[in-house]
Every structure is written in structure tokens, then in C-alpha cells.
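K.L.:
Single-letter residue listing:
2 protein chains.
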Amino acid sequence: MSVSHSELVADLALRASAAADRIAEIDSDRKNAALRGAAERLERATDELLEANGFDLEAARVRGLVGRPLERLTLTPERVRAMALGLRDVAALPDPVGEVTGMWTRPSGLQVGRMRIPLGVILVIYESRPNVTADVGGLCLKSGNAVLLRGGSESLNSNRAIAELLRGTLEESGLPADALQLVPLPDREIVDLLLEREDEIDLVVPRGGESLIRRVARQSRIPVIKHYKGVCHVYIDEFAEPGMARDIALNSKCQRVSVCNSAETLLIHSAVASGIGAEVLAELDGAGVELRGCERTRELFPKAVPASDSDWAEEFLDKTLAVRVVDSLDEAIEHIREHGSDHTETIVTQDITRGREFVRRVNSSSVLVNASTRFADGFEFGLGAEIGISTSKIHWFGPMGLEGLTSQKFIAFGEGTLKE
Amino acid sequence: MSVSHSELVADLALRASAAADRIAEIDSDRKNAALRGAAERLERATDELLEANGFDLEAARVRGLVGRPLERLTLTPERVRAMALGLRDVAALPDPVGEVTGMWTRPSGLQVGRMRIPLGVILVIYESRPNVTADVGGLCLKSGNAVLLRGGSESLNSNRAIAELLRGTLEESGLPADALQLVPLPDREIVDLLLEREDEIDLVVPRGGESLIRRVARQSRIPVIKHYKGVCHVYIDEFAEPGMARDIALNSKCQRVSVCNSAETLLIHSAVASGIGAEVLAELDGAGVELRGCERTRELFPKAVPASDSDWAEEFLDKTLAVRVVDSLDEAIEHIREHGSDHTETIVTQDITRGREFVRRVNSSSVLVNASTRFADGFEFGLGAEIGISTSKIHWFGPMGLEGLTSQKFIAFGEGTLKE
Numbered sequence: 008m009s010v011s012h013s014e015l016v017a018d019l020a021l022r023a024s025a026a027a028d029r030i031a032e033i034d035s036d037r038k039n040a041a042l043r044g045a046a047e048r049l050e051r052a053t054d055e056l057l058e059a060n061g062f063d064l065e066a067a068r069v070r071g072l073v074g075r076p077l078e079r080l081t082l083t084p085e086r087v088r089a090m091a092l093g094l095r096d097v098a099a100l101p102d103p104v105g106e107v108t109g110m111w112t113r114p115s116g117l118q119v120g121r122m123r124i125p126l127g128v129i130l131v132i133y134e135s136r137p138n139v140t141a142d143v144g145g146l147c148l149k150s151g152n153a154v155l156l157r158g159g160s161e162s163l164n165s166n167r168a169i170a171e172l173l174r175g176t177l178e179e180s181g182l183p184a185d186a187l188q189l190v191p192l193p194d195r196e197i198v199d200l201l202l203e204r205e206d207e208i209d210l211v212v213p214r215g216g217e218s219l220i221r222r223v224a225r226q227s228r229i230p231v232i233k234h235y236k237g238v239c240h241v242y243i244d245e246f247a248e249p250g251m252a253r254d255i256a257l258n259s260k261c262q263r264v265s266v267c268n269s270a271e272t273l274l275i276h277s278a279v280a281s282g283i284g285a286e287v288l289a290e291l292d293g294a295g296v297e298l299r300g301c302e303r304t305r306e307l308f309p310k311a312v313p314a315s316d317s318d319w320a321e322e323f324l325d326k327t328l329a330v331r332v333v334d335s336l337d338e339a340i341e342h343i344r345e346h347g348s349d350h351t352e353t354i355v356t357q358d359i360t361r362g363r364e365f366v367r368r369v370n371s372s373s374v375l376v377n378a379s380t381r382f383a384d385g386f387e388f389g390l391g392a393e394i395g396i397s398t399s400k401i402h403w404f405g406p407m408g409l410e411g412l413t414s415q416k417f418i419a420f421g422e423g424t425l426k427e
Numbered sequence: 008m009s010v011s012h013s014e015l016v017a018d019l020a021l022r023a024s025a026a027a028d029r030i031a032e033i034d035s036d037r038k039n040a041a042l043r044g045a046a047e048r049l050e051r052a053t054d055e056l057l058e059a060n061g062f063d064l065e066a067a068r069v070r071g072l073v074g075r076p077l078e079r080l081t082l083t084p085e086r087v088r089a090m091a092l093g094l095r096d097v098a099a100l101p102d103p104v105g106e107v108t109g110m111w112t113r114p115s116g117l118q119v120g121r122m123r124i125p126l127g128v129i130l131v132i133y134e135s136r137p138n139v140t141a142d143v144g145g146l147c148l149k150s151g152n153a154v155l156l157r158g159g160s161e162s163l164n165s166n167r168a169i170a171e172l173l174r175g176t177l178e179e180s181g182l183p184a185d186a187l188q189l190v191p192l193p194d195r196e197i198v199d200l201l202l203e204r205e206d207e208i209d210l211v212v213p214r215g216g217e218s219l220i221r222r223v224a225r226q227s228r229i230p231v232i233k234h235y236k237g238v239c240h241v242y243i244d245e246f247a248e249p250g251m252a253r254d255i256a257l258n259s260k261c262q263r264v265s266v267c268n269s270a271e272t273l274l275i276h277s278a279v280a281s282g283i284g285a286e287v288l289a290e291l292d293g294a295g296v297e298l299r300g301c302e303r304t305r306e307l308f309p310k311a312v313p314a315s316d317s318d319w320a321e322e323f324l325d326k327t328l329a330v331r332v333v334d335s336l337d338e339a340i341e342h343i344r345e346h347g348s349d350h351t352e353t354i355v356t357q358d359i360t361r362g363r364e365f366v367r368r369v370n371s372s373s374v375l376v377n378a379s380t381r382f383a384d385g386f387e388f389g390l391g392a393e394i395g396i397s398t399s400k401i402h403w404f405g406p407m408g409l410e411g412l413t414s415q416k417f418i419a420f421g422e423g424t425l426k427e
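If you read the sequences in order, they're chains G and H.
Numbering of the first sequence is given in our numbering, commencing with residue 8 and proceeding in unit increments.
Numbering of the second sequence is given in our numbering, commencing with residue 8 and proceeding in unit increments.
Only chain G is shown next, with the shape it has when bound in the complex (with noise of 0.2 Å):
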């Protein structure tokens, strides 16, 4: 391991420890103009961010890259575009940090009370996109966190753009600069040794694929929010209405299928399995989505192909999807717990006390009544944006925005109060 390296990172996180005591004292007007100065300098600069995303499309392309991943990679104007809105949006919403979540009062005469405060450094590890880097950099600054960004080495020059423009706001509006930097060379060696800077950072957000954020967690010594998969489950229930039980199926499973809240299970009650059942699996089958059913699907529709034993906890993010028959509410949520990833699942029902049943019992991060899986995000549930979706259940569990950024401490008004 190379001593420029280690001094690299040590110089990186106390730079990020200090930005983050000045960032958390920061008011939510200051911060906000920040926020919407960044945005205009985004739009005013799209030229020459663009030019820079151009240097990492030649690259990408040289090493033979197409497809999706290079989509993924691209910067548009109407993606600068996009970046901006989202700083507007972020500026807008209310401030988590100062909420005083509730308050009460003591036989001693204490007043007691907890209030939000920022977490202070956060680490997020993220893949090719480059709009991350302000997607991220701006929920983290409006919730007063310094925020150590380690972008994929195939989009460098357009996060370092991105950042650089960032950063120069921060600057000019007298906010530490520090409160926001890009990880400069994104080797892997560096991520090992910013996970072992548990005296300086607080939390780490890894964004991608499973072993990505597997590695992480087994790496790090700070907190990490863990999203492996979704494996979301639509259940349509013996009461479900045929309209909605289809159309959710469809939406749940059609409106974008490379996304982590589509559905990849689709269990149908036995009950009804041969009427709304065979009738959803024929509109699935009419969508182009191939089916892999069990044993009773296939009697329902000859078309399915076997699902093997894997394909339950499979998360294809395509048009593929595994379907089965239970004879029952407590059924589907056994098959839920043993195969599903705590991320998304939705009962089709019209009786009350089992859709009541489904969200008390189901203990996944996102659980619906009659509402498509595609719902689960953060924007569609109000939070604004999201930082990432937690699929497990430490400090945060499901779509996580400014509030999943903060953590909360106790405070307390007395007059003298002693301690008997």
C-alpha cells in the first residue's frame, strides 16, 4: 500500500471531518441559495460539461463499451437539465436539521425533547452515472453533511466537472468547499482506506449492483446502508378486484422493468387462480413478459415455463417473471420471508382485514395495499429524493431522504434540576 495513498485519504477525510462541523452550523437559507446558485451554474455550464462527458465516452467506447452501460454514462442537455431541477427541488424542501420531533415533560420538571442534527461525513461509492454526483452532493449538503463522493473511474472527468462546479458555489457563497469532494482517483485501494476512516466518517452509501455493495459491507468499519436487491412480490388475494389485481400485475411489472421496485414475483390465490389468475397471466404473456410458474401456473397456462428453484429469489430486472400458487394470505407471506428481499411487496384485495393483515405482518421496507411496487421510491412517498433505498434495517429501512440523513439527539430544559 502506497503512503501517497493513505496520505491521500487521510487528507480527504480530515478535510471532510472539519468542512462537516462548519456545514452542520450552516442556516437553511444560506444553504438553499447555495443549492440554487449550484443549479444555475450547472445550466449555465452545460457546454462545457458536456465536453467533459465527452472525454469519458471516447474512452468508454475505445474499451468497447455499448449498450446500456454507455447510456448510463451519457450527459445530455436535458440531463444538465435534470441535475439542476433536482438541486431546485432539494433547495425547496423543508430542513431536517434543528426538527425538534417531540417534546415532553418530566416528574423531575425536566423538559425533554429530541432534535435533528446531521450525521456528519458521508462516503457514497457509486457507479457510472455522473448525475449522482449532484443527485447525491445536494441532499447531503441541504441536510449538512460533508459528503466524500467516489464516483466509477469511467465517468471521472464528467464528476470532476460536475464537483468543480459544485464546489465553486459552496465557495462563493462562503460554505465550506470541503463540505463536498470528489474521491480523485477512484481505484479500488482508496475505497478500502477511506473504510477504515471510522474516526472520520460516518456513514457510507454504496450504490450498485449486489457485490459491490456486499464488498462494502464486509470492508468497512463504519455503518453501511445495505441495498441488495428488490425482489418485489405482487400477491393477488381470493377478494382481489379483477380490473386492479391486472392492472397492477401489468404496472408492477411493465412500466420499467430495470428497475429495483418492479415486480419479479407475482403469487395469485388458488381461489381465483383460474379466473382473474389465468386472465392476468394471459395480459403478462400479451406484454412480451415471459412467465415461469410453478406446477399449478402452468396448469392455468400451459405457455409458462418451469420456474426453478432459484428463479424465486431471482431479481431479472427484465421481462421475465416468476409466478405461484398459494392457497392462502399466510402462505403468500411464508413465501415472501423465505424467497423475498425486504424490499417491495403489494396485496390486490378488496377485504380489509386482509390487506391489514398483509402490512402488519409483512415486515419488507415497502408494504402496499392495492398500489403498483413502482410506487416505492422516494419522490413517489413524498420524501422529495432519495439518497438510496435500505433494504435492511438499521438506521434506516426503505427509501431514504433528508431525514435518513440526520440522526437525532436528546435535549433538555431545566431550571437548576438536580438529580436526587
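Since the hints were derived computationally from the structure, they do not count as laboratory data.
Which copy is meant is left open, because identical chains are indistinguishable; a pair holds if it fits in one copy or across any two.
Taking lysine-lysine pairs in the DSS-like style, the calculated list, with each CA pair at most 25 Å apart, reads:
no.	residue 1	residue 2
1	K426	K326
2	K236	K426
3	K310	K326
4	K326	K236
Once you have looked at the hints, place chain H on chain G.
P.N.:
Just chain H now, kept in the frame of chain G:
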């Protein structure tokens, strides 16, 4: 690493995980009845518990244990009653599981909220006090979690007797006995193996000295609640009421010196140093406190010994207090940031603006105004009881009761709501 050890650990973890699914679904009445039943059983079995404790005490004496460590290990009829009372108190607390902490409606028509759920399996690692077995067991069960209790080897007989009684009550009440398991062999190898079971165990709470906690935090693949130490500050502001300053300084330092929320450093504003300051120092000295002061402190009170650099970050847990004179609130806050442990700080002031500034800017887990630092605990803050005090900001910060043993899932209700 012996095969038998890893088999034992796998068995413990898998049983706990299966029990967690079941205990999470038990309603409040049944959990409360089991807790009250356990309290009664403990009281009825006092003789039996004291006998088991006798074996531990004898072994401890043979090993030469004396003084406070031996005292901590000792069960008495009063301590058994206190355990029972603790369980009854926890039974009387509101159940956090199922609580909906907020609900709002989105433009899509979706009604979105958040609902508290148990974390799953909690591993608690503690040292000699056998009462922790009942206290922690009660909190985990009430919050719907399964718990793995790894007590110290010196209290194994006592812990086993208490755990067996609690498991007996669970069984009798139709609750899963494996929701509470004592780790049968308290050697370090077992702990290391448990800290690798990230698929079954959700949270680790080490209770004990800083070195234990640091070792667990470094070793663990599972999130750890950290409570390193309590270097708590009392700051006597320029506008402090003299009598209140004296009372709070004395109470914070002397009411009980061996606990983490007692004061270890006193900061005095220079404008009142020769007045209130000198008077408070004389009172502390009269109460038998050894004062270690900065130069200006020693000018005020020559009997104070010179403070060394390391004294500012020292958790004395004894009748020793570091004292520094500062020229401003800013300087006091800077001192706390640099040397503090994020545990508990209090300001004594009659100036409301200064009080508010201290509360806003000091981001320790408990920040008080005109009250003794000794109030920073779960009972005094109204949480009913506490499993520990977290001094790191992830998941929970400060005294951690039932709420800290839960997470929140998103719940959402639609009427066939589809994503456009």
C-alpha cells in the same frame, strides 16, 4: 477454530432468527403477560437464584476478585426484586411495534405512512452484572425482538438461572423460548463467530469498557451500537445564576462518580471565574474532589493541580475533575468538540439566547440547559428503561429504549393506484 464451536454458533443464530419471526407477531397483551409472569417467577425463585449466584461468587473469590467487581457480580434479594420490578415496568410501557409515526397523502392518491417494526435478532454482550440478563431480555422481548445474551464468564451460573426462568415463562405463555437464548460458552471465540452471522443477527449491543466495545466494533460484520465513554462537560456561562452553577456542578460531579453521565470537565467563563468560579471550586474541593486545572484555574484556586493534556479527554469515573477557564461560549463549544465524547453536556446560564445557541450547536447525544448531567439516561428522559447509551449517530444517539430497538417500514394504501 473447532467445528463444534461454529456448529453451536450456527444453531444459536438460526434458532434466534426463527424465533424472531414469531415473536415479532405476538400482540402486546401476550408479551406483557409473559413479562409479568417472568417477574413473578424471578421473585418466587429468589433462593434458587442466590444459590446459583453463590457458585459464581465462590469462583470469583478463589480467583481473588474483591471490591467493586465482586460487588457488581453479587445478587441480593433486593436486586432480584429490582429485576422483577424492571420487567413489570417494561410490561407497563407502550408497545412500539405497530405504531404508525406519520401518515400523509400524495398527489398520486397514495396514502403513505411509516410503521414501527422489530429489528429482528439482537446480540447483547455484557460483563459481570447478572441483572442485565433480565433487564435486556425484557426490553428485547417487549420490542418484539429475539435476543442472544452473551454475559461474562464470571456470572455464567447466575445468568443461566435467570435465563432459564425467563425461557420457562415464554414457553408457558406459548411464546417462542428461543426468543431469549443465553450463549452457553462465554469464550471469545464464540463471540467472534457470532459477529460473523450477519444473515441472522441484526444488531450488536456491547455493554462494557471502551476496549471491549472497540474490539467488537472492529471485528463485527453486524452493525454495532457504540458507547465508548462519557467525558461530560458542565459549562458555567457568564450569565449563570451563582447558586444554580454551584448546585449543578456539584450534582453533576458528585451525585455518583462512577457512572458515564457524571461530569469529568468543568468549563468556566472568565467573566465569572473569580466570583462564581472560585466559589464552585472551593465547594468541589470541600466535597473531596481533586481538581486538575488549566493555568488560569490555578490562579483562582492554587490548590488545584496542573491539568495534563490527556486530562481533557479523560473519563475519571472518580472524584477527579478537570477545570478550564474559557473566554467565550465559542471557546467552550470548541473545547467540547475537540475533547468531548459526544455523550452529555450542560450549560448553566440565565441568558436564553446563549442557552439556545448551546443546544443548537453542541451535537452531543444529550445537551442540557440548567440541569445536572446525571439526568442523561433512559429512565430520567422518560424512555422507561434503556439497553444502553449510544455515542455514535447511526441508528440511535443517546439513551436507547424500546424505540431504539425498532425500525420503521413504509406502508402505503392505494385504490388500484398505478404509476404513469
